[in-house]
Amino acid sequence: MNKLIKFLFVFSFFTGIGQNSEQIIARQGQVSFFSYTSVENIKAENNQALSIIDFSNNKIAASMLMNAFIFEKALMKEHFNESYIESDIHPKATFEGEIIDFDASINGIQTKMVQGIFTLHGISKELEIKTDIDSSSGKFVLTGTFETFVKDYDIKVPPLLAGNIAKTISVTFRFEYEPYEK
Amino acid sequence: MLPKVLPLTIGNNIFYNAFVLTLVQYNRLLLAINFILNMNRITKRIIIVLTILILGVIFYWYLSYDSHINILDKKTEVHTNAENLMSSFILNKEQANSDYKEKIVEIKGIVTKVSYLNKKCTVFLEAGKNKEEGYIICDMQTNQLHNVQQIKNGDSVLIKGIFKGFLMDGIMLNCVLLNTYIDE
Chain U
1 MNKLIKFLFV FSFFTGIGQN SEQIIARQGQ VSFFSYTSVE NIKAENNQAL
51 SIIDFSNNKI AASMLMNAFI FEKALMKEHF NESYIESDIH PKATFEGEII
101 DFDASINGIQ TKMVQGIFTL HGISKELEIK TDIDSSSGKF VLTGTFETFV
151 KDYDIKVPPL LAGNIAKTIS VTFRFEYEPY EK
Chain B
1 MLPKVLPLTI GNNIFYNAFV LTLVQYNRLL LAINFILNMN RITKRIIIVL
51 TILILGVIFY WYLSYDSHIN ILDKKTEVHT NAENLMSSFI LNKEQANSDY
101 KEKIVEIKGI VTKVSYLNKK CTVFLEAGKN KEEGYIICDM QTNQLHNVQQ
151 IKNGDSVLIK GIFKGFLMDG IMLNCVLLNT YIDE
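Sequence order for the protein chains is U and B.
Using this note's numbering, read the first sequence as starting at 1 and increasing by one per residue.
Using this note's numbering, read the second sequence as starting at 1 and increasing by one per residue.
Here chain U stands alone, though its shape is the one from the complex:
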């Protein structure tokens, strides 16, 4: 029994190393969000989102720094970081999930669902996001859009500014991956 445990341990260790070569990484993922209202349109962009995909189990993880979002106006950025997201307390947004039925060997575009948990402002929500995976250029490129509710993440918008911020925020992402060598 002991030997079996040892064997399993060693085996998992070796497969663990093997998995590393099947990981791909994106250090310059682009994540942007939009809020459209009749009063004003707010757009912000983050170009340094990090994401890793593990081909062995189709797991995907992404994280980004909230204070690295770029806004058109300084005031929007200030409100976003200080009042809404409170980026000093919750500096990151993260996503951990799995690409359902993903086949890395297919060359070209495939549309898949990504299921996972998205954490923002300290609140985790289960999300299902449709994504296009394009591997025709030799690199894996993940793109997609999803909508999310402001109120789901316990973000308090003062009544005076309620008209300026949409109830649903649309999020767009684009991750371009390269092999992850350790």
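For the record, the hints were derived by calculation from the structure and aren't laboratory data.
Each residue gets a CB set at the ideal place from its N, CA and C atoms; glycine is no exception.
Wrong hints could be hidden among the right ones.
Straight line, CA to CA, 25 Å or less: simulated DSS-like cross-link-like pairs of lysine-lysine [stated by the list, open to error]:
#  : chain 1 : residue 1 : chain 2 : residue 2
1  : B       : 152       : U       : 77
2  : U       : 43        : B       : 120
3  : B       : 93        : U       : 43
4  : B       : 120       : U       : 73
5  : B       : 152       : U       : 92
6  : U       : 77        : B       : 108
7  : B       : 129       : B       : 74
8  : B       : 119       : U       : 77
9  : B       : 74        : U       : 73
10 : B       : 103       : U       : 73
If we take Cβ atoms under 7 Å as the criterion, some of the chain U residues that face chain B in the derived model are [stated by the list, open to error]:
#  : residue
11 : 28
12 : 30
13 : 32
14 : 47
15 : 48
16 : 63
17 : 65
18 : 122
With the hints as your guide, set chain B onto chain U.
Below, chain B without anything else, positioned relative to chain U:
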């Protein structure tokens, strides 16, 4: 409207003086209100429209304050190099965040990669001998394109920008190239 005793009491009783002065001010306020009420409609409307316009302009100016920052105008708060920055993060994340986060940092490092992804110009600085230790990712200001095109992998550079924090790598925004030391 004012009490006739006014000239006699000035200088005698502070409280009474204050009372009289308040009365005078109140009187003036009433006069001003009367003035506005007695104005003809057109003047009134013009004044209201002008006030709204001025407030609107101030509000718009306040809102449209551009987020563009010129980093060269700002004073450097921390001088460091890429390896030190990364090792301080590996040693103590919280300390590193409080030392560098949102600070204007001048950083020295060796270029490992220059990327033009997403119409942006980004310089990757080597932050350790092992690749797993990550990089310092410097998102350059748009006016830096010409300068960045001059540098090659392996060059030693000095970059100034706002340090934003760590994911797997250190992230800096609004970066400018200060100096290049080629073949050091």
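Status of the hints after comparison with the structure:
{"no.": "1", "hint": "B/152 <-> U/77", "result": "violated (34 Å)"}
{"no.": "2", "hint": "U/43 <-> B/120", "result": "holds (17 Å)"}
{"no.": "3", "hint": "B/93 <-> U/43", "result": "violated (30 Å)"}
{"no.": "4", "hint": "B/120 <-> U/73", "result": "holds (19 Å)"}
{"no.": "5", "hint": "B/152 <-> U/92", "result": "violated (32 Å)"}
{"no.": "6", "hint": "U/77 <-> B/108", "result": "violated (28 Å)"}
{"no.": "7", "hint": "B/129 <-> B/74", "result": "violated (32 Å)"}
{"no.": "8", "hint": "B/119 <-> U/77", "result": "holds (22 Å)"}
{"no.": "9", "hint": "B/74 <-> U/73", "result": "holds (19 Å)"}
{"no.": "10", "hint": "B/103 <-> U/73", "result": "holds (20 Å)"}
{"no.": "11", "hint": "28", "result": "holds (5 Å)"}
{"no.": "12", "hint": "30", "result": "holds (5 Å)"}
{"no.": "13", "hint": "32", "result": "violated (10 Å)"}
{"no.": "14", "hint": "47", "result": "holds (6 Å)"}
{"no.": "15", "hint": "48", "result": "holds (5 Å)"}
{"no.": "16", "hint": "63", "result": "holds (6 Å)"}
{"no.": "17", "hint": "65", "result": "holds (5 Å)"}
{"no.": "18", "hint": "122", "result": "violated (17 Å)"}
Comparing the model with each numbered hint stated earlier shows that hints 1, 3, 5, 6, 7, 13 and 18 do not hold.
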